[in-house]
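A.B. asks: These protein sequences, in sequence, are chains A and B. All the letters of the first sequence, read from the start, carry residue numbers 1 to 306 under the numbering used here. All the letters of the second sequence, read from the start, carry residue numbers 1 to 418 under the numbering used here.
FYI, nobody ran anything at the bench for these hints, they're computed from the structure. Just to be clear, a hint being listed does not mean it is correct.
[Claimed, not checked] One-sided and incomplete, this derived list gives chain B residues near chain A with beta-carbon spacing under 7 Å:
{"id": "1", "residue": "A98"}
{"id": "2", "residue": "A239"}
{"id": "3", "residue": "P378"}
{"id": "4", "residue": "T389"}
Quick reminder that beta carbons are idealized off the backbone N, C-alpha and C, glycines included.
Spelled out from the first residue to the last, the chains are:
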Amino acid sequence: MTSVALSGALNTKRRAASNGDAVLGLLLVAPIVIAMAALVFFPLVETVWDSLHRVNPMQPGTPFIGVANYVNMLSDADLGRAWINTFIYVVIAVIVETVVGILCASLINQVRVGRQWLLAAVVLPWALPGVVNAVIWMWIYQPGAGLLNGILMLFGLPFDNHVWFNDRVGAIIAVSVVHIWRMMPLTIVIVLAAMQGIPDHLYEAARIDGASRRQMFFSITLPLVRSAIAVAMTNATVSAFNLFDEAWVLTSTSADTRPVLIQIYLETFQNLHFSYGMALSLVVTVVSLLVSLIFVLRVYNTTRYD
Amino acid sequence: MRGLLLSSVALATLALVVPALADDAKPLAGKSITVLLPSPQAANIAADFEKDTGIHVDLQTLSWDDIRPKLVTALVAGTAPADVTEFDWSWTGQFSAADWYRPLNDVIDADTVSDIGVAKIFTVNGNLLGVPYTNDFRVMLVNAKHFKDAGIDKMPTTLDQLVADAKQIKAKGITQYPIGLPLSTTEGASTSWYLLTKAEGGDLFDKDFNPLFLKPDSAGYKAMALELQMLKDGLVDPASTGLKDSQINDTMFAKGLTSIMISGEPGRLGQFADPAQATVAGQVQAILVPTASGTTRSYGLPEALGIPKVSQNQDAAIAFVKWFTSKQFQEANYANGVLPTRTSALAELSASGKLLSGDALVAQAKTVEPLFAQGTPPWYPQFSSAVNTAINAVAKGQVTVDQAMQNIADATKKAMTE
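Modelling step: build the complete structure from the supplied sequences, incorporating the hints.
C.D. replies: Written as structure tokens, this is what we have:
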């Protein structure tokens, strides 16, 4: 009888403690849940709902139009061109940021003295606002007194008064360079952090086995930083889909370089097609997440332990 | 004793009446309004207005390009971006269709409307939506010293003469690219093409908004071809494809790097006469816009003050609009580079010799037409965007003039049907 009573008392105590933990847990997550609901999920649902209506202040009412905004995207030639530009930016930015970012991280990982200063210098472009970076590069690309033309002319190349934005290929590369300049430091930092977590004894064992530096890089370093690379590639993808500042400052609304985000801005704030702009924003978000998901799933499949 | 009594009564009466009279003179004293205008504005506007009316003004300034997004986001959300805001001529169609601004017919007297000729640009279906405060129209600004140095004594009156003069200036090595012409995807590129279309003797649309620029012998077509030819002849800087009109005008013309500002703004004359702001001070003058026929033409791009319907301080806002567009203030505000919209103020400034290139400005002002005789359409932003995109593509050699004209027509047709 005594043991039954004791057991009952213990169960009650455990339940009380468990309930207390649950309440505490709920209280702790409540702020972020409320904040996310108010600032992310509610606006998202509202945006989805509005994208199914005609929201145009120049026309009366906001009638339900179903998926008309989404269907209209298929015949929007300006949008099609902007999507092509955006995909080109994404491909260039993700490849260059990943490849060069890993190489830079590997080099910085070898530095033993003053690494923190080097890292601080590398991170600087990322720390600056996108518009500031773009304005700096606008001066660099200036046809007359620009630094780039000046340097090329020092090598005897015919770049006197060369206008970098007068052909589409050159303009897209020039905008991409500025974006990569700003975003690559983040790739470097993410990959470098992962590299510094690799145990030294793995490299020592490889050295004893006679592995070359190249073999160690491809057999030890790269496999162990794959998840970090996936994170970096996801970030590079999302930021390239969100490219706006660089293209806006360097080439304004030029059709040659106009990414889809500038197209959304023009539709929304210039043409006052608010619900079309909302539908476009949602599509960009979904496409960006889907492309990122490819990296994440790929890395998950190659790095899981089961 | 009786005299003392009477004096005391008189003083007591005065003490009671004078404050009451003062309140009548400033009936809105103590109220507060917000005003949103493009930068720069004179520093003493708020203080002077408060001194005159007792109304406190919180004057906010933004760059011109940043004002419209701020207005649109606030107004579409049903809030007032400010009690009094900038209202550009190019927004008239959209803002009228959106019904965001209160008509001002009942508070602005007929004499004022009659004195401000460009007020009709802001009148839609009989509703005056804004009171113009800056008389922006197009003249041509030239560096007279460059012309003189090139041996040119007579200013051009025809487009052929203009091109010939530019070639002569270039040949003499005075400037590498004598003509300042924006070719970027900005409003400045569009407005220059509109002016050259007028100069070629035509208009953009007929009365039913059918495009008039598709045929090779049309004015718009010839204007685009002229822009391309001037670029090919080396009269226009190839870098203009990426330069805003402000960069071409503020930087290049002000530094003497160009000799002719095709789409000249009269308000800039003050800036170009100031040695602190321009290295060409004393060299710049306005001339009548040269045309194909020799008879000058121009069009207006005035800016006005409007009051959002959702403004909570309508009375004080109206007082500010009246004060800011009064003849007295307009004459004083010319010192800040704002050309008066009142014909009477313009004439007085010219008569007093204070108006730089006064004769040319007054003569050009008489020729100012609205760009759209039917009123600015709601699809103007799409049209303007299509125009500058087409100009940019032509200048980069990506499309022909023929394709560019068709692209503009197609984009306009699409915008009209939306």
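A.B. asks: Taking the hints in turn, state whether each one holds.
C.D. replies: Now the hints, each set against the structure:
no. : hint : verdict
1   : A98  : holds (4 Å)
2   : A239 : holds (4 Å)
3   : P378 : holds (5 Å)
4   : T389 : holds (5 Å)
The structure agrees with every numbered hint stated previously.
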